[in-house]
Structures are given as structure tokens and as C-alpha cells.
Amino acid sequence: MPLRLTSRSALGLILPLLLALAWEIAVRSGHAAGRLLPPPTRIWTTLSALARSGDLWPHVAATAGRVGLGFGFGAGAGLVTGLAASWSPLLRRLIDPTLQGLRAVPSLAWVPLFLLWLGIFETAKIALIAVGVFFPVYLGVIGAVLGIDRKIIEVGRIYRLTPLRLARRILLPAILPSLLVALRTGLGLGWMFVVAAEYMGASEGIGYLLVDGQQLGKPDQIIAAILVFALLGKLADGLLVALFKPFLRWQDSYRGG
Amino acid sequence: MLPSLLLRGVTKTYDPAFPLVLGGIDLAVRQGEMLAIVGGSGCGKSTLLRLIAGLDSPSSGEVLVEGECVRGPHPAIGLVFQEPRLLPWLSVAQNVEFGLQDLPRDESERRGAEALDRVGLTAQAAAWPHQLSGGQAQRAALARALVTRPKVLLLDEPFSALDALTRADLQDHLLDLWGFDRPTLVLVTHDIEEALVLADRVVTLRAHPGRIETEQEVTLPRPRDRDHPAFEVAKRRLRASLNGALTPPQAARSLAS
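Chains A and B are the protein sequences, given in the same order.
One point on numbering: in my numbering, the residue at position 179 of the first sequence is 179, and numbering is uninterrupted.
One point on numbering: in my numbering, the residue at position 111 of the second sequence is 111, and numbering is uninterrupted.
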């Protein structure tokens, strides 16, 4: 029998809640030290103290701002480059091998180079995030455009659509679902890259809280920061999906639910 | 009177190393006539239709629609493919109105509603294409092709992907639809019965290279009765000439009854 959405979410929460409860009991009863992995209540206390004192929000704003700007530049560049490369086979043959080579570089390997070129402040961080976001969006756009059903394009030809109209009325709606997937992937990577960027030298941000927690021996702060990252990432992803939702209504019933 | 459609010495080849796909087609179709082109797979009948539609150009010879040389898709030509090819992100009504974008909104909506009513899909106007059955989707494709009031309607095996019952139903439906504006109709099919139910004239095409093998007028009274003995006789005659088209070329150009 199909479960309702709320029942399905509730089932998913059972395991983490049980584990949290078990750990809480273990620490309280003295069976576990709770030094390296604090019990949930202590993590919660740390987090709410940060929030109430107002200290949390500048960090959230700093991190979210970096991700936002980096995503904007990276996704924008990925979109434009991807569209250009799918439009012109010559261009694709020219730039794709180079881009694939650059893509093979592990993300963290860029950090020392960017720090050297762009300094230790915001530019280097945003550039790092933009690089991380660029590749999945670029690849996703090319895949989406090259995967468009030729038969649908022929419908546009039959109705003598100008290239601009063809792009607007057929190409764009056709790639929108895959584009959303590419953007969500890029955004996810953006959050990953911001951790790397803030880890390597920041005076504020959720990643800074991570480093600070490690250096001062505050595991509850580390885990609190991890939870904030998870929450922010989920919110950002939800926002992106919500932005695209009005244009993807036609897919809803297609998935059967 | 000017023929609606005229093909003179039309040949088509994709690769000079291989035999001609079409080897010299001469064909004249009268205004308002219904012509069926019948042939086995690979005889070039779909290629021929694409040349008439302007999706492809002949290697030599010319295609004239309403006296004008075809250089590309033409507003006077409507086309229905084997698959409905509805745009998944548009509702059924929006799909039907697709070719009317240059008209004012209320005009295109009125004509779209009229076309939907004629194919019996008024109730599905707001539905998504994936919610339609195969027969419904093909009816929507028909409505989309007819809503622009083409002078020439081309159909490339429009019902071959449907089950036998739906096929017979849509064949009858097509005749009703044709009755409104009486466009010139060119139907490509491998279904002998379909050709005889719909057409005034049937042309058989031979493969390698594609050439017109036989031409015969269908003199059965309308509405065509599939169960009438004369229909069966016509079927046998057509099947015989079709089988003849599958063997080396014969001296006779058309069959006397």
C-alpha cells in the first residue's frame, strides 16, 4: 500500500532519532565520555546559544553570500559556455578537451593557486566556488542540448520558427528539466567548495566555525556547524527547485505522484 | 487548373556511392484530391513526403506546391508524422495552437477550440500530452496540422503506430476532418486497406531506386465500405500491383480492371 508523504518522512526520521536518543542516554548514564562526540542536547544548546546571541547570523550570511555569488558566476559561465559549445561543434572540439582536463583537477588543488593569485579575501573564495559550480553546469547543459529529441526540433522547423524562436519555444523548455538537475548538482558542489574555501582561511562563515571548533577543541561547535551546513544546503536546494517549479508543472503527474 | 502538387523528375540521393533513394518521380495531384502512396519499407515513400514538406531538398528535379517551388517548410503545407510529436511542456490546447502564434490571442484560442472540438478532444484541452492515449495524441496532432488551414496536408504513416481498432476509427475521422476545408491530401502508408478507405488515387512505389510503379484511381463509392465485395476486389488488385512493385520492373504502367 502506498504510504502518504508524511508517513514516509516519519519513517525516515526513526533511525536518526533512535540513534540520537541512544547516544544521549549513553552519555547521561556515564557509559560514554561524550567528549569527542557530544550528546545531542549539548549540540542543541551550543547551536541555540549561537543563534540567540546573534553570533550565528553573520557567519550564515558570509557563507551564504559566498555560495550565492560563486554559484551565480559559475552557473552563468557554465550555462553560456555549455550553450555555445552545443551550438557550435567546432567550438566544442576546441574548448571541450581543455575543460575536461581542468575538470580532472581535484577541487582542493586549486586552493593554493587561488590564494596566491587572488589573495586571502573574498575573491579567491568566490572564484573557487565558481570553478566548482562551473563544471557540472557546463556538462549538464551540453548533455541536455545534445539530448533533445530531433523529432521535436523538426516540429519547430515545420512551423518555420526563426532560430531565436526555436531556441525560446522549443530548445529552452526541452532542456529545462536537465538544466535544473545540473544546477542542483552545481549548487551542491558550491556548498562543498565553500567549506574548502573557508577552511583555508576565513575570519567568518560556517566553515570558520568548523575550523574554530577544531582548533579550540569544541566538538559540539563542529557538529553544530555541520548541521547548519546541512540545513542551509537543503534550503538552497529547495529554493532552486521552487524557482523552477512553475516551468516544470508538466512533469509532476508524469512521475506518477 | 493548376495542380495542387507537382513533382517533376524528382530524384534523391544521400550518398553517391549508393543507389538513388528516389529515381525520378513525376507526380501531379489535383486540388482537393486524396492521394495515397503505398509501398514496402525502404522504398523511399517517407523521403518523398519529406521532400514535398520542404524538410529536405531533392538532388534533382523540382517540387511545386500551388505553383510555387518548395524551398523549405511552407505555410500552405501541413504535416502529420507517424508519432504525434506533441510538445510535452504545453497543454493539448497549446499544442494545437502552436502554429497560430502570429495571430491575436483570442483568434488563436477560438480556432484552437474549434479544432479540438472537431477531433473530439475538447475535454482534454487542459491535459498534458503524456496523459493522452495514443489515438488521442494522434488526433491532437491532426488538429494541430489542420488548425492552420493548410492547402496541402501530408500524412506519413499517421496511424501505423496505433492498434487496429483505433486505426479504423481515426481513418473515418480523417475523412470527416478533411470534409471541412478539403485540402489536398497525400497519405503515405503501407496499409492497403487504409489507402483504399481514404484515397481517390493510389500510387505504388518501387524501391531501389524509388519509382512510381503503378497508379490507379479508386472508383469505389464513398463512404467506403470495408465489407463490400468490391472493396475486397480492389484490395486484391492493389496487393497484386504492390507485389509487382517488389519484383523487377514490369512493362505495364497501370492495371486495367
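Any given hint might turn out to be false.
[To be verified] With the C-beta cut set under 10 Å, the calculated list includes, among others, these residues of chain A facing chain B:
#1 149
#2 151
#3 161
#4 164
None of these hints come from the bench; they were simulated from the model.
Even glycine gets a Cβ: it sits at the ideal position worked out from N, Cα and C.
Here is how each hint holds up against the structure:
no.: 1; hint: 149; verdict: holds, 8 Å
no.: 2; hint: 151; verdict: holds, 5 Å
no.: 3; hint: 161; verdict: holds, 9 Å
no.: 4; hint: 164; verdict: violated, 13 Å
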